[in-house]
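Just so you know, the sequences run in chain order A and B.
FYI, the numbering for the first sequence is 1 to 555, going by UniProt numbering.
FYI, the numbering for the second sequence is 1 to 555, going by UniProt numbering.
The hints are simulated quantities; they were obtained by calculation from the structure and are not laboratory data.
Do not rely on the hints blindly, as some may be mistaken.
You can't tell identical chains apart in this list, so a pair holds if it fits in one copy or across any two.
[What the hints assert, rightly or not] With a straight-line cut-off of 20 Å between C-alpha atoms, the simulated SDA-like cross-links for lysine to any residue are: (1) LYS350 / ASP420; (2) LYS106 / LEU89; (3) LYS350 / GLU401; (4) LYS124 / ASP177; (5) LYS223 / LEU500; (6) LYS531 / ASN432; (7) LYS405 / ALA359; (8) LYS124 / ASP183; (9) LYS9 / ILE280; (10) LYS7 / SER133; (11) LYS543 / ILE51; (12) LYS351 / GLU411; (13) LYS375 / GLY407; (14) LYS343 / GLU392; (15) LYS510 / VAL480; (16) LYS412 / GLY188; (17) LYS541 / ILE51; (18) LYS375 / ALA359; (19) LYS251 / ASN286; (20) LYS459 / MET305; (21) LYS276 / ASN479; (22) LYS128 / GLU117; (23) LYS350 / ILE19; (24) LYS459 / GLY336.
There are 2 protein chains.
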Amino acid sequence: MKKEKEKVKIIPLGGVNEIGKNLTVIEYKEDIIVIDCGLKFPDEDMFGIDIVIPDVTYLIKNKDKVRGIFLTHGHEDHIGALPYVLKQLNVPIYGTKLTLGIVETKLKEHGLLSTTELIRVSPKDIIKLQSVSVEFIKTNHSIADSVAIAIHTPLGAILHTGDFKIDYTPIDGDVADLSRFADLGRKGVLLMLADSTNVERSGYTMSESTVGETFKNIFSTAKGRIIVATFASNIHRIQQIITAASKYNRKVAVSGRSMENIVGVATELGYLNFEKDILINIDAINKYPNDKLVIITTGSQGEPMSALTRMAASEHRKVNIIEGDMVIISATPIPGNEKLVSKVINQLFKKGADVIYEALADVHVSGHACQEELKLMHTLVKPKFFMPVHGEYRHLKQHFELALKLGTPEEKMLIMDIGDVVEVSRDAIKKNGTVPSGQVFVDGLGVGDVGNIVLRDRKHLSQDGILTVVITIEKETGNVIAGPDIISRGFVYVRESEELMEEAREVVKKSLKVCEEKHSTDWVTMKSTIKEGLRVFLYEKTKRRPMILPIIMEI
Amino acid sequence: MKKEKEKVKIIPLGGVNEIGKNLTVIEYKEDIIVIDCGLKFPDEDMFGIDIVIPDVTYLIKNKDKVRGIFLTHGHEDHIGALPYVLKQLNVPIYGTKLTLGIVETKLKEHGLLSTTELIRVSPKDIIKLQSVSVEFIKTNHSIADSVAIAIHTPLGAILHTGDFKIDYTPIDGDVADLSRFADLGRKGVLLMLADSTNVERSGYTMSESTVGETFKNIFSTAKGRIIVATFASNIHRIQQIITAASKYNRKVAVSGRSMENIVGVATELGYLNFEKDILINIDAINKYPNDKLVIITTGSQGEPMSALTRMAASEHRKVNIIEGDMVIISATPIPGNEKLVSKVINQLFKKGADVIYEALADVHVSGHACQEELKLMHTLVKPKFFMPVHGEYRHLKQHFELALKLGTPEEKMLIMDIGDVVEVSRDAIKKNGTVPSGQVFVDGLGVGDVGNIVLRDRKHLSQDGILTVVITIEKETGNVIAGPDIISRGFVYVRESEELMEEAREVVKKSLKVCEEKHSTDWVTMKSTIKEGLRVFLYEKTKRRPMILPIIMEI
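Isolated chain A, as found in the complex (with noise of 0.2 Å):
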């Protein structure tokens, strides 16, 4: 019998070809390690669909292998699915500490605190399984905290970089632990899985503490208030719009449902750092001069729901927009939200504040890799296989080629499709076979029980709307007794129409005269017939396809 060659299992369940619901399962022997388990958000054909997360059938399937779910950092597209993968799944968290800390105000809200075993790591730590260990190594992020993590194992070392830029001049002082990449290159890299997000940027990522000059050029001229929208969990962000802030004698207000729980849960652990006093409730800003305020809020995005688009929209019950407030939106729209921020500036402008976005001023910055930082961290790890993860196809396909111009050979890369099960031995990487994988749609308290179908259904319906048609038939005669009534949804304004429905009902009762004639009165032609009379005769009259309903009641 042939020995059968050792190797390493890569199986990415989320992160490739898409953006977002990032899950990566490395499985050597006896061991599952997973890392990340992050949500996406709904693509605009996702009617309807709060949140998407990754299909875990695998890893429920080889429950006893899973020794836990490693965490990179604390955004959303990493965690965010953590309380649906748990209910099925009990395994440890592993995360640093700030990450640990924004798991636990989540799996509060989902009753899933007390079930939860989760365990504390900081960098350089290493955790021992039965035959690998994990390596916890500091990177740089748009999230404090943030880490890479090698997979020690007998083959060599596994190394996801998770999300990461290289930051000279972080806020906290921590540049990304150069050093020990540079190291296990020396040693020897397996395989490395690394961030694709900005690949198609050339040059390096500016440095985060470039935000905190321009908010310190803003603060020193504003005359009003100041609000600053910017993503929660930018901590650094907000220590820098705090330190600003002190710096010219300003209070700070929170705003925000998701924005007060982490600079709470930040403020407690420790990584946001200003004098007590400085901090005010959002309450309290009355008691104030403007020139002595500033509120740092969510809504970045233009999220309908968020405190700056209702502070917009004139909604929000404690900020009411000012002439001479000075708003700055402290993010890039993400792809899709282009219209929603637009919408609010706008409405900024209008209610007479300023506002400062990134077309006008270096008031953001990105927290992943560009082209140069990639090369760094190629050249640095040395990997002898890699696989390009977390972007769409572009981007694996661009960081594919960027390595390939690095001087790795083609056969020693993959381009990995999520449920693609990947081989690595000592000496050669290749795709072998898949296990279920894909997207499973969260709606309200269902998770998994809106499918394709429901959704077609409601891209139909909000095309063009719905036609019901109600015939009530009588059992033993067959003979229509009442009806057809014809109620519409969504697809004409109706008291304008009228002339529209009384000719549908004539088309439906000649639908039903014909079933009759051709002796065709079992429910399902009858319907059918009904249904494709309606379908020829409203598409000619309006050029509209609603969704026609016939329904038949029996007595």
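The hints should help you fit chain B onto chain A, whose structure is shown.
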């Protein structure tokens, strides 16, 4: 009796506080001049709407005064509402050669060509009307044959720049007529209305000819087919693709209906210059080797039915993307289209094509003036009064600020909203009332029959679907003799939710019982009781709010 001050009225019916549906009314004594008549593409929340056009009630009311619609260029957001407006308002259309060529194709499709008077003009032409005259002035834009329009009144000239940029090395050799703008400025311009689209961008927009250089570089090294997607109306871009193809001995085929139309019109009118045999039919591409072919196609915005999108999805009947194809997307995604474009790029890469897009090379330039060009225009024209047009509020506001920095006094400027009546006299500018204005939705054959109620219903349906509840009641006794039947669409996957539906039926029965006990058996009460009972039940069970449609049949 005090003599009324002479004044010109400016009434924007579109194009301010929005991108698109440009239409400006200029009224002096007995003359109404309409500048442009454009459409707007629907926002994401305008479910099922095909296009949006301006409300022209004011023009129809003042029919006798309307001397014509004067077009600045042939883009949809400037001419696209013509077929709808002309049906209610048959007035002459003035435009340059290419603009009218495009308008003709459009009117032919709508059967309006024979009844519409089209008057071809050239830059420097002056049309004399009763009390004003209208002059056309050459500009540059991302379509050939664009003009600014000056309306000469006894009070002074009103200059509308149209969409413009200043291109010192344009493809057709004709730079915007800076000399005439300077001349007008010297003689005194009463009011300028100017394009604000790119006001947030510093510097200059690059010349169209720079894109030609990029094309030549790419074409010189391409080994397989080259497929270039761009806006059909960008004749100069198309010219440059053909020129590059010619230089490298490639034949050119055209794909996509609008591209075929425009190339036809532009060739006929002499706007495209090439050796006759370079253009081949798309059906003939298989007769040529791949490295001798260029395909020019629509789909640069990832529009679902466009040629490139169909090629990427393997749904194009004539062009299959193959390994080694080089696809150039020569356009920037319009805000809102980013994800569509990204999807196409991903699909093309997956098929093995090389894809070049704006993030990777200079394959596109804007058609609008950036800050330095706007400053040049303001400086040459030196208008007494200024109003920014063509942009959302943020753009209009920034353009206002730009003019302020150039020395225009605040009181000599106004930001308009659609429907505003702005009166300009020799020494003052002010708003004085409003006229009807707004967005008219075109959905299929319906123009204006879909209003806010229908849209609200479509949105509701798109989020959580619909539940129809039907009961049949005996007229005399009021007894329920059939039902309740519940049918849902777009709510839950029915086969997996039989239990929920069964419980819902019980909830309805309970509601009916309540009505009976209270003797509240009028239909309105019954329906609202059913609705409320189900609403509460379903929200508790699912945290969703489907539309609930109770139908009562009576026999």
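Do the hints match the structure? See the list:
1. LYS350 / ASP420: Between copies, since 16 Å is at most 20 Å while 51 Å is not.
2. LYS106 / LEU89: Within one copy only: 17 Å inside a chain, 60 Å across chains, cut-off 20 Å.
3. LYS350 / GLU401: between (46 Å within a copy, 14 Å between copies)
4. LYS124 / ASP177: within (9 Å within a copy, 67 Å between copies)
5. LYS223 / LEU500: Result: close neither inside a copy nor across copies, 60 Å intra and 58 Å inter.
6. LYS531 / ASN432: neither (48 Å within a copy, 53 Å between copies)
7. LYS405 / ALA359: between (33 Å within a copy, 18 Å between copies)
8. LYS124 / ASP183: This pair counts as within: shortest intra-copy Cα distance 12 Å, inter-copy 72 Å.
9. LYS9 / ILE280: neither (51 Å within a copy, 51 Å between copies)
10. LYS7 / SER133: within (16 Å within a copy, 82 Å between copies)
11. LYS543 / ILE51: between (34 Å within a copy, 14 Å between copies)
12. LYS351 / GLU411: between (59 Å within a copy, 19 Å between copies)
13. LYS375 / GLY407: Answer is within: at 11 Å inside a copy they meet the 20 Å cutoff, but 49 Å across does not.
14. LYS343 / GLU392: between (28 Å within a copy, 9 Å between copies)
15. LYS510 / VAL480: within (12 Å within a copy, 28 Å between copies)
16. LYS412 / GLY188: within (15 Å within a copy, 70 Å between copies)
17. LYS541 / ILE51: Intra 39 Å, inter 18 Å, cutoff 20 Å: inter-copy only.
18. LYS375 / ALA359: between (28 Å within a copy, 18 Å between copies)
19. LYS251 / ASN286: within (12 Å within a copy, 71 Å between copies)
20. LYS459 / MET305: between (23 Å within a copy, 17 Å between copies)
21. LYS276 / ASN479: neither (81 Å within a copy, 70 Å between copies)
22. LYS128 / GLU117: within (17 Å within a copy, 84 Å between copies)
23. LYS350 / ILE19: Classified as between; 17 Å across copies, 34 Å inside a copy.
24. LYS459 / GLY336: Both, since 18 Å and 18 Å are each at most 20 Å.
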